[in-house]
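Q: Here is what each chain is made of, one letter per residue.
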Amino acid sequence: MEDPKSRAARQFIDALPHCRDLGMSVVSVGEGEAVLEMPYDTRFVGDPKTGVIHGGAVSALMDTSGGAAVMCHPDTPAVTATLDLRIDYMRPATPGHAIRATATCYHITRSVAFVRAVATDNDTERPVATATGAFTVEASRKAKA
Amino acid sequence: MSARPEPVQMVKQRRDATLRALAEGIPYSNHLGIRFDRRGDELTAILTFDEKLIGNPMLPALHGGVTAAFLEVCAVIQLSWSYLWTDIESGRIDAAALTPETLPRLPKTIDFTVDYLRTGLPRDAYARARVNRSGRRYASVHVEGWQDNRGRPFAQGTGHFLMPRRSDG
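Order-wise, the sequence lines are chains A and B.
Read in order, the letters of the first sequence correspond to residues 15 to 159 in the working numbering.
Read in order, the letters of the second sequence correspond to residues 123 to 291 in the working numbering.
Everything labelled a hint here was simulated from the structure, so no lab data went into it.
Take the hints with a grain of salt, since some may be wrong.
What the hints assert, rightly or not - One side only, chain B facing chain A, incomplete, derived with CB under 7 Å:
hint: 1; residue: 146
hint: 2; residue: 150
hint: 3; residue: 237
Each residue gets a CB set at the ideal place from its N, CA and C atoms; glycine is no exception.
This is chain A alone, in the form it adopts within the complex:
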């Protein structure tokens, strides 16, 4: 059973136009961890000779899963924005297979949330890409009032 925060995060992600455009779906969210999946689609290919998905599409998946991990962390308000995101591309994703990103918000302060994420395809033992990022933690409305 999902807590209200995770449900809100899922609904938020599902409503983002670009995530819908890429066909992303939320596999699971909760307690600062989010798993998102993106199906294989020839429109998102980087190199037509190999049929491998473009790194940019993987970036979008990583960024979204990172944001979702922050949003569902127990210590954050519901909104966040990416400050920076670094992606390391380990190997080309296998054409024809979905890519799944698992993001973890492993540390959070009053201002910044730190995230790491890993993307895999059907071969879950060998990552396709990993990412690290910093996300904003919005000042709480309560403190202002």
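Let chain A serve as the given structure and place chain B on it in line with the hints.
A: Okay, now just chain B, sitting in the frame of chain A:
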């Protein structure tokens, strides 16, 4: 023998054909609607606004992933363009016959870092990349993206790339 300068149309045609083959050879870049403007050897990437590029519809703002992809496409096209330039100009690569299928192999991204400086607004975006180092095996490229105001970039990125092996060794 005095070498006459080439007619300007031929030069333009050759450069534009190469750029087209490069830029149109990436399905995902076409899907996002990225185009390139060329002035001499200087390239500017253009991302025409579209609703599907929106991340948060409440703000509304460009999706961070779109920004990252836009900068990465700009960086890799700029790097390929610089890398192919000599061969194109010397005629070693036949630009007229270039298609996405016959293009030489392109650099591969090793890593890419994006700094989000400002919210990406729901309007067109532009980017220019600078190849800071291009060796035989590795290259480092910096790229800046802006919208209304060139002096106020909304994002910047740095990437490292693995260069294709030169076929002639």
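Q: Each hint: holds or not?
A: Do the hints match the structure? See the list:
no.: 1; hint: 146; verdict: 10 Å, violated
no.: 2; hint: 150; verdict: 4 Å, holds
no.: 3; hint: 237; verdict: 5 Å, holds
Checked against the numbered hints given earlier, the structure breaks only hint 1 and satisfies all the rest.
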